[in-house]
Amino acid sequence: MEKLLYGAAYYEEYLPYDRLEQDVEMMKAAGINVVRIAESTWSTCEPKEGVFDFSHVTRVIDAMEQAEIDVIVGTPTYAVPAWMVKKHPKVLALTKTGRNLYGPRQNMDITNTDYLFYAERVIRRLMEQTAHRKNVIGFQLDNETKSYGTAGENVQKAFQEYLKKEFEYDLDQMNHQFGLDYWSNRVNSWEEFPDVRGTINGSLGAEFQKFQRKLVTDFLNWQAEIVKEYKREDQFITHNFDFEWRGYSYGVQPEVNHFEAAKCMTIAGADIYHPSQDLLTGAEIAFGGDLIRSVKRGNYLILETEAQGFPGWTPYPGQLRLQAYSHIASGANSVMYWHWHSLHNAVETYWKGLLSHDFAENEAYREAKIIGREFRELGSHLVNLQKQNRIAILVSNESLTGLEWFPIDADPANPGKTGYNDVVRWLYHRLYRMNAECDFIHPGCEDLEQYDLIFVPALYAAPESLLKRLNEYVAKGGHLLATFKSGFADEYVKVRTQVQPAVLGECLGVEYHQFAFPSNVRLKSEYYQALEGPVHTFMEFLISRGAQVLAAYEHEGWDGYGAVTRNHYGKGTATYLGCMTGEKTLDIILEDALKCAGISRAAERFPVIVRKGRNDFGKEIVFYLNYSPKVQKAVWQGKDTIDSCAGVEAVDLISGVEIKPGEVLEIAPWNLRILENSGTIL
Amino acid sequence: MEKLLYGAAYYEEYLPYDRLEQDVEMMKAAGINVVRIAESTWSTCEPKEGVFDFSHVTRVIDAMEQAEIDVIVGTPTYAVPAWMVKKHPKVLALTKTGRNLYGPRQNMDITNTDYLFYAERVIRRLMEQTAHRKNVIGFQLDNETKSYGTAGENVQKAFQEYLKKEFEYDLDQMNHQFGLDYWSNRVNSWEEFPDVRGTINGSLGAEFQKFQRKLVTDFLNWQAEIVKEYKREDQFITHNFDFEWRGYSYGVQPEVNHFEAAKCMTIAGADIYHPSQDLLTGAEIAFGGDLIRSVKRGNYLILETEAQGFPGWTPYPGQLRLQAYSHIASGANSVMYWHWHSLHNAVETYWKGLLSHDFAENEAYREAKIIGREFRELGSHLVNLQKQNRIAILVSNESLTGLEWFPIDADPANPGKTGYNDVVRWLYHRLYRMNAECDFIHPGCEDLEQYDLIFVPALYAAPESLLKRLNEYVAKGGHLLATFKSGFADEYVKVRTQVQPAVLGECLGVEYHQFAFPSNVRLKSEYYQALEGPVHTFMEFLISRGAQVLAAYEHEGWDGYGAVTRNHYGKGTATYLGCMTGEKTLDIILEDALKCAGISRAAERFPVIVRKGRNDFGKEIVFYLNYSPKVQKAVWQGKDTIDSCAGVEAVDLISGVEIKPGEVLEIAPWNLRILENSGTIL
Amino acid sequence: MEKLLYGAAYYEEYLPYDRLEQDVEMMKAAGINVVRIAESTWSTCEPKEGVFDFSHVTRVIDAMEQAEIDVIVGTPTYAVPAWMVKKHPKVLALTKTGRNLYGPRQNMDITNTDYLFYAERVIRRLMEQTAHRKNVIGFQLDNETKSYGTAGENVQKAFQEYLKKEFEYDLDQMNHQFGLDYWSNRVNSWEEFPDVRGTINGSLGAEFQKFQRKLVTDFLNWQAEIVKEYKREDQFITHNFDFEWRGYSYGVQPEVNHFEAAKCMTIAGADIYHPSQDLLTGAEIAFGGDLIRSVKRGNYLILETEAQGFPGWTPYPGQLRLQAYSHIASGANSVMYWHWHSLHNAVETYWKGLLSHDFAENEAYREAKIIGREFRELGSHLVNLQKQNRIAILVSNESLTGLEWFPIDADPANPGKTGYNDVVRWLYHRLYRMNAECDFIHPGCEDLEQYDLIFVPALYAAPESLLKRLNEYVAKGGHLLATFKSGFADEYVKVRTQVQPAVLGECLGVEYHQFAFPSNVRLKSEYYQALEGPVHTFMEFLISRGAQVLAAYEHEGWDGYGAVTRNHYGKGTATYLGCMTGEKTLDIILEDALKCAGISRAAERFPVIVRKGRNDFGKEIVFYLNYSPKVQKAVWQGKDTIDSCAGVEAVDLISGVEIKPGEVLEIAPWNLRILENSGTIL
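Residue numbers (the numbering used here), protein chains in the order written: chain A, 1 to 682; chain B, 1 to 682; chain C, 1 to 682.
These are calculated hints, taken from the structure and not from any lab test. Take these hints with a grain of salt, some might be off.
You can't tell identical chains apart in this list, so a pair holds if it fits in one copy or across any two.
[As the list claims (entries may be wrong)] With a cut-off of at most 30 Å between alpha-carbon atoms, the simulated DSSO-like pairs for lysine-lysine come out as follows:
#, residue 1, residue 2
1, Lys3, Lys584
2, Lys86, Lys96
3, Lys157, Lys86
4, Lys633, Lys595
5, Lys296, Lys595
6, Lys96, Lys146
7, Lys96, Lys417
8, Lys164, Lys48
9, Lys630, Lys524
10, Lys263, Lys571
11, Lys87, Lys165
12, Lys164, Lys86
13, Lys157, Lys87
14, Lys90, Lys595
15, Lys210, Lys146
Hey, can you work out the whole structure from these sequences and the hints?
Next comes the structure, spelled out in structure tokens:
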């Protein structure tokens with residue numbers, strides 16, 4: 001990128017009256033330099049089958065061109081027009097709960113051939129209209145694509161073909177891997193393959209979900225191939241990925257393999273929504289940013305994030321600006337709001353844009369003007385920030401799915417509510433707050449050795465090769481911190497028959513045969529100081545096979561078992577965390593693991609978040625972000641270690657003031673400081 | 001009416017053995033002078049298609065005639081017989097969840113032509129049997145009619161025809177009003193009109209619900225036309241309306257427009273069920289009564305209310321009688337129990353009647369005997385009570401539906417639980433407790449000027465004409481108190497593009513561009529004394545455009561915005577309440593608004609409720625109702641103002657004792673006093 | 001039985017690799033002498049239609065034979081193979097929610113003729129393979145059979161035929177009994193009989209559920225007849241009954257009439273699962289054991305119980321052994337785990353067996369070795385224990401169903417959560433904790449007189465004959481304690497028209513006309529000492545008709561009504577408990593009732609549970625079970641009364657030490673003592 005992009009989704013189609021001119025004017029005033037258009041507007045672009053009308057699209061591109069605002073064009077395929085459904089009812093996906101009804105977006109079968117036929121045609125026409133336009137800088141494939149649970153007959157047939165390949169037509173092998181003998185689920189011929197929607201077999205079910213993720217990858221790849229036929233070299237292809245949704249962007253996306261799906265793109269993109277007001281911590285912005293930056297190992301686009309959003313998200317003064325810089329601090333090259341104006345009809349009426357329904361200036365818009373100005377003035381120092389993190393967290397779609405089938409805290413009286421992302425975020429959240437920046441890696445990652453410390457949360461379902469690879473990583477000198485449930489099942493969610501933690505036990509030097517839900521269990525430790533609070537949710541009864549027991553359980557029933565262990569294996573160390581703990585306890589364990597791996601960090605702690613990167617001038621940029629309603633202090637160390645404050649001077653980018661090593665920085669409430677210096681990122 | 005009606009629904013068909021004679025005897029002993037029969041008994045009246053047997057009906061009318069008990073005949077159409085469903089399965093409505101099953105009442109498609117054919121026939125036959133009977137005083141059309149979510153193909157076709165008329169065949173206009181471009185929902189030809197059951201568009205969805213309400217009006221009107229062909233001049237037509245149901249009668253009925261549907265009737269009727277025992281406050285009796293009295297602006301019938309009801313409703317000694325007079329105090333001309341005897345089978349077994357399953361005398365029956373005697377003795381003083389309230393509350397089905405689609409407190413992590421009726425009852429409940437009697441008016445009301453003070457709770461969806469009419473009302477000297485969310489959307493639930501509060505802002509002298517869910521927000525005020533408690537649920541950021549800010553928000557994030565404002569506009573004043581508050585705060589605001597509008601009231605407060613009316617003798621009747629287990633005191637002011645106690649003498653109707661102005665009345669627990677006087681209702 | 005059976009379900013089919021030999025070796029080492037095989041393995045036994053492969057079965061029987069381990073063979077019919085569903089989709093039951101999907105067990109229509117054809121064939125083939133085998137000691141019919149809500153057209157037709165017989169083709173009689181006139185539900189010809197799935201009529205609905213229970217009885221009987229054609233005299237027929245499931249075995253099974261269904265068996269069997277760790281009380285083991293022992297009035301098999309189970313069930317040291325003896329103490333002749341090894345796939349992966357997924361020794365297995373050894377050494381003293389309880393609890397499927405339709409605490413705002421089993425367990429639990437052992441009897445029980453005291457909890461739906469029989473029992477000298485809701489409805493769940501408690505009022509000497517949900521109601525009593533705590537959930541307003549009022553309600557609204565009464569009737573006494581109370585209050589009432597009936601018990605109270613029986617040597621066995629993490633003390637009375645400690649000496653079976661009367665026994669945490677003596681069971 002040549003500049004920071006600052007913009008919004010813009011739906012001229014949805015406007016209650018023509019105000020393109022005023023909108024462009026207000027955008028310019030706010031420093032907006034990019035809009036995203038066209039996604040979800042199929043019924044406007046193709047009002048009748050085969051009749052195309054791109055006048056809205058063209059009109060907006062024209063106006064933006066005049067105003068020197070760039071445009072990202074989205075393919076409109078994630079919401080189908082009524083005429084298509086009327087003619088081809090099977091375009092709507094058949095799911096576990098029956099045939100979808102018309103109305104919502106993302107209700108179609110993305111493998112339906114009629115749908116694909118029309119989708120290809122409308123994409124090609126749209127590309128013809130837009131690809132040659134100067135200010136069109138890139139294309140977004142579809143939007144937040146999923147498989148939407150599609151499981152009709154065609155999908156099930158395709159799944160069977162997929163299984164035939166997977167198991168080389170060997171049903172015995174499949175029955176064995178999935179354990180289908182159980183409850184008479186054995187499949188003795190391909191012809192009798194049952195409707196997979198009703199399966200109670202977690203292995204078969206998880207494989208179907210993996211197949212559904214593959215449908216998403218295939219679909220996006222198919223769109224990318226079409227777009228590539230038209231687009232210029234300088235135009236990018238992206239997609240708006242999203243995350244596990246808990247009313248806001250929470251964790252690893254269960255329905256998409258971001259790493260796989262992103263391969264067809266030139267730059268990754270995502271939307272991040274998060275709690276605000278008193279609940280604004282920056283954690284979701286950092287988590288989503290770190291993850292999506294890792295997907296293609298580089299800068300990424302924030303294609304959507306909240307402006308005013310819901311009444312619970314209306315930002316306090318300063319928050320919108322703090323949020324914008326938080327994205328940049330994670331490596332984003334854009335901050336784009338969803339959306340420009342608030343909608344006057346339909347379900348997202350209260351998902352408010354930068355402008356309220358009255359299109360008038362408001363506090364959020366006024367703050368956007370400040371952001372826009374600063375981005376324009378400072379953008380060249382902030383764009384294309386490069387990070388060289390020494391920590392990585394290994395995340396796995398397969399483990400997430402596995403723990404959906406077998407939630408960590410489920411029992412017959414309780415469906416369980418602790419899933420994979422609860423463990424991932426439990427770890428991530430504490431690392432974030434102690435200013436330990438990290439990348440994310442995936443099970444296929446080949447260069448583990450670039451990291452000094454790898455966290456492996458609840459790697460429940462993994463192939464043996466991956467576990468061995470982790471052993472090897474430690475042997476070569478890496479530091480590993482794995483948690484409970486890791487190594488438990490193979491890639492088919494079949495529990496391993498080895499003593500647990502299976503395979504990984506080698507580097508961990510520990511084993512266990514039993515586990516329990518802790519009740520009144522505490523930790524005791526001579527290693528850690530002041531270990532606090534009880535163990536919760538899940539505990540494994542660790543027995544050392546060479547590892548040092550750092551902490552053990554304190555409980556009448558199961559005294560004597562280890563809870564946290566560390567093993568020296570080859571040139572590295574492997575720490576195992578056999579239970580879930582409270583935050584303070586986890587902080588102690590994590591701080592120790594970081595120290596053990598020799599990771600240095602800033603001395604500040606949340607609510608002061610410190611994030612770093614190297615800019616196009618080869619300088620180090622350090623953000624001090626204050627996520628609190630109080631003034632906070634930070635010290636410019638001159639070098640980003642906690643050990644030394646000797647070092648280089650820096651410049652406060654916003655004020656232009658020079659900052660000396662050891663100088664104390666004041667950070668206003670919900671505000672930030674950005675320092676540029678020529679130090680080395682450690 | 002010539003007398004107070006006191007009675008019960010009576011189902012001779014359901015009796016486990018013949019005891020008509022004993023029942024009539026017990027009724028007489030209890031002073032019961034009316035029974036309602038026949039509704040829901042279709043399978044008894046027409047055991048086979050075209051075979052009629054009205055012997056149960058005739059038998060009961062005969063017996064009642066002999067006993068000089070009047071009869072209200074209900075058409076039996078709200079529960080269909082098995083033979084009809086076997087022959088015409090589509091008689092059962094197709095709803096969002098599929099085709100209804102046989103079993104429950106109110107499961108049919110009220111537009112199905114087969115159903116209507118049979119319904120007309122059975123009504124005509126029933127009328128032939130009963131219309132000429134001397135003691136048949138009126139007819140009830142169907143019962144608690146709704147559309148029951150009917151949404152089959154025929155209904156959807158009819159809806160499309162309705163839309164064609166509404167938009168004069170102009171699809172662009174419809175697409176614009178409903179904002180159907182969003183998510184590709186645009187309808188580009190009538191032929192492709194999609195199944196509306198799946199829509200996510202609140203405007204289209206709300207319009208369908210409005211259409212469904214129209215089906216109810218049409219259906220009742222159609223029944224009324226049939227009944228009118230047979231009934232005598234002196235026989236009334238009524239219907240048993242009910243209210244939003246939350247385990248008891250709670251608020252405005254979402255599925256019926258009472259004001260429209262009642263037009264075909266000669267007198268309005270309703271059922272009111274309410275919490276009892278420690279939870280008996282009279283609020284539901286007053287709310288339902290005030291609303292149903294307003295529907296046809298006159299006295300009304302309570303066609304059903306609880307006798308013993310559920311085990312949680314078993315009345316304490318005195319409560320049954322207190323309840324009976326509470327209905328009369330709101331303007332009811334009847335108190336009829338559901339029902340005479342408790343049922344021995346089926347779902348309403350524990351919805352107990354006046355008699356328990358054993359048909360023996362019990363405490364409730366013994367109390368009914370007292371009520372019956374008093375009604376007979378005092379009825380001529382209590383029947384046909386006329387009220388001249390100076391306060392009205394404007395209620396709107398459209399706003400209710402709008403806030404179903406967009407609950408006030410919904411966000412992506414929370415479906416929201418605060419709806420229209422929560423705001424209506426929030427206001428009504430406090431007015432009730434401060435003895436400020438009121439009427440209800442509807443959006444089409446033409447004589448607003450008869451009221452000195454109009455409350456407008458959350459008028460979310462309203463046509464511009466109504467908002468202008470409210471401006472005009474204030475300009476002419478009226479007093480208005482409107483709350484947050486008013487004026488926000490138009491009659492199609494399309495959010496207005498004007499600055500909010502749209503249109504109404506003119507009389508209110510205030511505007512806002514943003515709103516939020518309050519968290520730790522309090523009010524501060526120099527105007528109100530001792531304003532207490534935090535703001536909750538919803539707050540708008542009010543900016544004065546001429547109005548006086550009566551209270552403002554106290555909060556770091558959004559200091560400086562107004563919360564409660566008052567504007568002098570023309571000859572009147574307009575108060576705006578921009579947030580939801582606790583009860584004590586609301587009391588202060590409401591007392592002030594009443595004072596500002598010059599409304600005088602009794603000095604008593606809940607648990608002493610004072611309600612008034614003028615009787616056929618031109619005298620004022622004042623009820624002092626004690627909703628508590630303790631003796632309470634009240635003062636007969638001699639004139640119903642809080643300013644003066646000079647005035648007229650009164651007579652205690654029950655004891656016959658004379659009461660002097662200024663005299664203190666003792667009211668026993670769960671008891672009441674009724675004073676008749678010749679004062680002027682103020 | 002000749003010995004105590006100690007074993008596990010064993011699924012060689014499900015093993016991830018061949019380890020039969022090691023498993024047998026480990027079983028031997030643990031003293032396991034029986035395995036249960038084959039149930040649920042249909043797709044392995046009959047991989048294709050008509051192609052049979054019993055090699056897994058034979059192989060296991062062979063190996064067990066060599067190891068002198070007995071085998072129980074289960075018919076595999078409760079999980080259908082995929083080929084059957086593909087060929088005959090209607091094998092899957094049609095229920096209230098539509099056609100079941102393939103995947104789960106217990107999803108089929110047990111009346112479907114295709115299913116029955118295949119089931120019969122596979123059972124016959126299995127019997128041919130196994131019946132002649134020496135170490136096959138018995139057969140289990142199907143598993144946890146229910147009707148699974150089957151309600152397809154064929155089932156409804158059969159139900160109509162059932163009704164025709166029940167009512168001798170007299171529809172008027174049926175309409176009357178079920179009260180179908182209500183809401184036009186009257187059935188005027190058999191041809192129009194509606195789909196019963198939608199009924200709102202509790203009588204019709206309950207009758208359908210009774211019919212569904214009959215389907216279970218018929219199905220098991222049909223299987224038994226087939227098995228009997230093959231089995232040897234010495235081989236038993238059993239079934240694995242289970243209980244109302246609330247995440248563990250809770251109460252009377254709603255969907256099966258155990259007493260009826262067990263008639264075709266030679267010995268009753270059951271599974272019992274229960275909370276563990278801090279929540280282990282033994283109550284579920286005792287409850288299930290007492291009930292299943294009563295079903296055929298003799299010893300029974302525990303065919304499944306938890307070994308490690310779920311993470312919340314992982315036993316503390318000692319608990320597995322305590323549990324094993326708890327079963328024996330109730331009269332079980334076997335303790336069999338579900339299951340031997342933990343499963344590596346599908347849905348019960350965390351329902352862990354004795355072995356974890358790693359098949360290694362673990363703490364549970366090590367404790368099993370102790371149990372196995374002790375069972376082998378002491379088994380002859382503990383097998384075939386006979387009880388002669390003087391107390392019985394009358395349980396009724398019909399009352400359970402009745403109170404499903406009409407939950408005790410339901411009202412329109414609350415669906416109700418207190419059902420029949422809540423009342424049964426409320427009583428049972430306190431009796432259990434005060435060491436009052438009891439049997440269960442059913443409505444058809446003919447020898448009530450063998451008991452000194454009969455408890456009748458909430459006998460809501462019962463024929464008049466049963467109520468009269470209870471009157472007669474009291475008249476003859478029996479002691480009865482009945483609770484609220486008893487006698488209320490007849491066997492068709494039609495509320496009786498008599499004064500309540502209907503019929504039973506004769507022996508109880510009490511009546512009531514009204515009832516309520518208590519709120520702030522307490523008890524007052526001159527009879528009981530220190531009666532504590534409030535009344536909750538439900539209260540009847542008792543009026544004495546001769547009975548002594550033992551306790552009355554204290555409440556402003558309904559003072560003067562009785563709450564607990566006792567009547568002398570004939571030679572016996574009848575106590576009535578008209579409300580639900582707290583545990584302490586109930587204890588006082590129950591202790592008094594036991595005393596009144598002259599029931600003597602041990603002096604110990606929970607957490608020390610004392611249970612007794614007579615063994616094959618004619619000696620009395622007394623178990624002292626300590627359900628706590630603390631050492632507890634008990635006194636060997638030498639005679640099991642609370643009045644006297646004169647008596648016989650005993651031998652501690654485990655230590656072999658002699659115990660003198662009056663001697664204090666120490667019982668270690670989660671441990672037990674077993675005394676054998678020659679005393680008389682009182």
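ask   = Can you list which hints this structure breaks, lowest number first?
value = 1, 10 and 14
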